[in-house]
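Chains as they are written, first to last, in this note's numbering: chain A, 1 to 387; chain B, 388 to 774; chain C, 775 to 1099; chain D, 1100 to 1424.
Keep in mind the hints are simulated off the structure, nothing from the lab.
All C-beta atoms, glycine included, are put in the ideal place defined by N, C-alpha and C.
Check the hints yourself; a few may be wrong.
[As the list claims (entries may be wrong)] Simulated restraints on C-beta separations:
| hint | chain 1 | residue 1 | chain 2 | residue 2 | range |
| --- | --- | --- | --- | --- | --- |
| 1 | D | ARG1279 | A | ASP270 | 52 to 62 Å |
| 2 | C | ARG990 | A | ALA101 | 24 to 34 Å |
| 3 | C | ARG990 | A | PRO220 | 31 to 41 Å |
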Amino acid sequence: MDLDLSAVEPFRAEVRGWLRRNVPAAPLPSLETEEGFAAHRAWEGTLAAARLSVVSWPEAYGGRGASPLEWLVFEEEYYAAGAPGRVSQNGINLLAPTLFAHGTPEQLERVLPPMAAGEVIWAQAWSEPGAGSDLAALRATATRVDGGWRLNGQKTWSSRAAFADRAFGLFRSDPAAERHRGLTYLMFPLDADGVTVRPIGRLDGKPAFAELFLDDVFVPDRDVIGEPGQGWAVAMSTAGNERGLTLRSPGRFLAATDRLVALWREHGADPLLRDRVADVWIRARAYRLKGFETISRTDDIGAEASVNKVFWSELDVALHETALDILGADGELEGDWLEGYVFSLAGPIYAGTNEIQRNVIAERVLGLPREGRGGRQVGPGAKRGSG
Amino acid sequence: MDLDLSAVEPFRAEVRGWLRRNVPAAPLPSLETEEGFAAHRAWEGTLAAARLSVVSWPEAYGGRGASPLEWLVFEEEYYAAGAPGRVSQNGINLLAPTLFAHGTPEQLERVLPPMAAGEVIWAQAWSEPGAGSDLAALRATATRVDGGWRLNGQKTWSSRAAFADRAFGLFRSDPAAERHRGLTYLMFPLDADGVTVRPIGRLDGKPAFAELFLDDVFVPDRDVIGEPGQGWAVAMSTAGNERGLTLRSPGRFLAATDRLVALWREHGADPLLRDRVADVWIRARAYRLKGFETISRTDDIGAEASVNKVFWSELDVALHETALDILGADGELEGDWLEGYVFSLAGPIYAGTNEIQRNVIAERVLGLPREGRGGRQVGPGAKRGSG
Amino acid sequence: MKFVLDAEQRLFGETLHKLLTEAGTPALIRRWAAGDPDRTLWSALAEAGVFALAVPERHDGAGPLPVELVVAMHELGRHAVPGPIVETLAAAVLIDTAGDEELSAEWLPRIAAGEAVVSLAPGPRRALDADAADLILLAGDEELWSAAPDGAVLRSLDPARRLFPVAARERLATGPAVPRAAAAAYDLGVLACSAQLLGLGRALLDTTVEYARTRRQFGRPIGEFQAVKHHLADALTGLEFARPLAYGAALSFGSPDFPRDVSAAKVAASDAAYAAARIALQVHGAIGYTDEYDPSLWIRKVRALRSAWGTPAEHRGRVLDACSH
Amino acid sequence: MKFVLDAEQRLFGETLHKLLTEAGTPALIRRWAAGDPDRTLWSALAEAGVFALAVPERHDGAGPLPVELVVAMHELGRHAVPGPIVETLAAAVLIDTAGDEELSAEWLPRIAAGEAVVSLAPGPRRALDADAADLILLAGDEELWSAAPDGAVLRSLDPARRLFPVAARERLATGPAVPRAAAAAYDLGVLACSAQLLGLGRALLDTTVEYARTRRQFGRPIGEFQAVKHHLADALTGLEFARPLAYGAALSFGSPDFPRDVSAAKVAASDAAYAAARIALQVHGAIGYTDEYDPSLWIRKVRALRSAWGTPAEHRGRVLDACSH
């Protein structure tokens, strides 16, 4: 057992140096606005030019074949430098792992390089109005046609879809099958004929997600991932990634915690708030060390990923609630902390509500019995799968 | 709407004056010890001699016919004076209300005056090893015999039974009936033939409750309360009392909160703990005002009693956890605050766990649907009904 | 002692609830947020007697009636009514208590009649809806000033809360009565804001219970799940115990305990309403997180009001300071 | 970088777990609490190498091995082993670091061999099991003293924690090395106590999960109820994230971050273990509240250790003081 990071220090130094030279001096506009989206897309191109947009991918697709530890270090440096949010994260964190596991060589070569370069920004299309937490209840269809599929139906809570280029999601390809069966995993362009994108404002009014109305949208066979009808199994590899470290790397919280401690000191280091600030610091550090533990393990962490999801999402809320309380009467005013707070509130809801995660922990990690009935015991309605 | 207490000020002044003259200067030994039990029994006699042991009862049974408001005022003064804990409370708060609702005149006259005088101390005998939260699952039997009943079986978590004189509880009188049916409410002496009392130490080792083993214990018909077989309905009137105000009057928390604020100041008024102390003060005051609201209402509070139970039990734990944190490294040492802490930990468990209370609140106050199955949805295993 | 609302008080609340239900506040809130401070509802509230509650009879009011004020603000909170209502009520107390007869005669009858929208800056030098107000008050140490907007609007998480930096313009009164009046106005504003928070929290609880009854996932209403039930039971418990603190504080109006009691009420109301808002968001899932879903307006207002009229920490400090003997 | 235990470290933990399972600690704890500080288990632990972990090789030890020390204390916590074990380990560090060769030669080999039970007073002048110790250490500003019991036993919520007031007896060493040694001993004690708390919490979680699987109410195992599931999931989450802090702190032994890191570990371990204890009590119901049910010994020890070796507030202060630049 050791925490010897000396082998990755040269990589850390390179990343840090590059970021110091390249991170924009002034923050980019919010990526949930049209202007900000364009600026963040351009930033992805800048990152890609330095082969820093997808460090853990193979070189062939724009990465560096970085180890998980190098990726964690990259993330620490990235957020410590105050670099822009990652507008490509849905593609990089959700779609790409699925493609690595189930994609054809042709798909990998066609899809990944433009994703790495920020040329194609991806949105997820999981949830439907009647299928939030209960993803298996989805009803949007993919109908077999010559050379491909026709998509019909409605998707919702599609993060970034207001401005993104393409989307991926699950569709019911066998209308007779129920629940997890008969689903197919497909990719489709958001500017295709038959696609209508209706932006939805989140809590602070910014169009952070959208509804997608699909009316006979044609998708060629080459845009099916994995076998038709096997979409549920294909998607589950993505879900594991979401709940593990990739969705929220420790670096994000370490940097935010440093800012929180600084904010607390700037506002007089109020002893009334000291213990909450200390707890955030301790929890962020615990999350960092847990990350090192996770990448040191050789076994599959499986359902333990749910423990991570509950932890980081509650840490993020606590961190931002503490910041707003430090700001006092100014806490309600527009600004970075308020935007971070609003963003944090989605954490316990999406990618599987924390109620569902706690069921998973109890049943699959602790081995408690399922309810003595057909269905799984789960929590409140919510979307899943947005980034 | 008013909070005009002037009409009860003379009563308050009388109680306060009497307590100032009569409350023992040194605290009595813990009532969970044999010596302390005897001292507390004697104190009940002193109270009774001043007609202050059961102020809300009719004069005929030793009370003063005090109004609910007077009772609240009595409790405020009683705890503010630091008067001894009430060793008779199981009888006064649980059995007596049941007798007033369902007892015969003969029972009232026979049972209540010695209870008021502290001559007979009552223990409850609700729970069984297989019937804690799920009280309807109980199995101890009452078998019809000439002139009465024979009790057999085992009861447990019988508060105060280590030193008490008599007990009351539910027994299955119709072996063919299931769950809430076929139960009978009975009183029996703890020194009767066939009764074995095994004291059980609580968390701090004090024998605060006991197991009762019943082997052909004879109970005459006159000690059945209500109709045989109707025990469940008879007992429910007691349950309502438990969850409402009588089990934990606001006066108890007001006095404890004053001591907490004083403790906090004596220890330097640490700002790190200020908000927790303030919250306890605010919650104790809220509980007082809620009490005034409850007695002002003319309708039955019904399931809303569960809201009170959850509130006071969590307040009591928070109050004592705060006190122990003020004491710091001394918090683990024997003393009044530690004893209060141990006592408070039972609050969320007994008289129906807080998980069950939350189900009751959700289903019967808020109108949320029950689980779509036969059984009620409830919480973890626990005893109920001790005081 | 009878610590429940009487029939008349209950009727007053029901009347306001009906009026506001018919007015359809969500559309009004969105228009207000967009910069259209329509006064139709303001006039209707005045007609129902809301503003008169803080104005004495000799200036055409009916006040002070703090219990009725809590009743009214609870209903206004329940409907998330936009605008500087708490500010106008507090301003009435400020003007009345400052003791300048001319000022009182000029403004109090207009406030009671709903003809004057008044704002003020209770904490930082920021006033709500300053661009829409007929008068903005700023209380200095011994001086009362009128003020004017002094900068662009500051956007709040609650889009209907349009805050403006303000600067003093004209001196209206001086003397030791001014700080006393400012303190009295502050305490009344805190009480009104507490009641508003309770109404907001109650509305969120009711909406969420209804949603949990009807929204189905995994083949059944999500309200059947124990986790949802317990969340909602906790929200109810918080609100049920915060309410008596608000009414108790109203009844101590005029006594030395009033500042302590309104602070206790504000802490409990903020915590209970905020807990209800977080639970509403969690039970609704993504829909509750959207701008276009009406209850999100309530959720945002709760978070904003939590630190308006004094932060919870400030009020906890006031509570303990007051019981220091 | 490989931040998981290696095979040898895991085997060490498993060996201790087996040894302690066979020893049957609940009976030992009750005897210890009754005033019978039997040393059989102490010797067995020494033979397994526990005390050598804090003693350097030149004094017949194998240390310092802070990671293995966390492994060992986790298992000792899991079995709620009574006695001044943390104190003896910390005392070894104190004696070694104080630099008095004679003192070291006298005591360290005996500590490693399990022949010396040593206590000390990390906070107030109170030492655990002072009546059973061969040596009691008391560190003053620049002076190290031996001490002796100075009053009757103070009863703790954990009946196996027998605390005694102590008074200085004989000066053992002087000089600036003493406070440094005392600080090093304190930090190591904090780390050991953190690991002990994690083991206690883990044992309570395991016991409670097993209870929830088998205890039936309302016709089914209570572990089917969502409220029970969520309580236990939260307990697991707390413990899962406290563990890496303890091992991370062990790895920073000798670095300037060590005091900060052990404090962070203690805060997280205290909170996680205390949460596990509260949940264990709530899920068990009345049975968990009884003296005679073995897990109640674990519950009581957790509450006592929460404020031993520094309160959570003291450690939070140390954490923030350390990241003040």
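Outcome of the hint check:
1. D:ARG1279 to A:ASP270: 52 to 62 Å: For ARG1279 of chain D and ASP270 of chain A the Cβ distance comes to about 33 Å; the hint is violated.
2. C:ARG990 to A:ALA101: 24 to 34 Å: 32 Å, holds
3. C:ARG990 to A:PRO220: 31 to 41 Å: Given range 31 to 41 Å: holds, Cβ gap about 35 Å.
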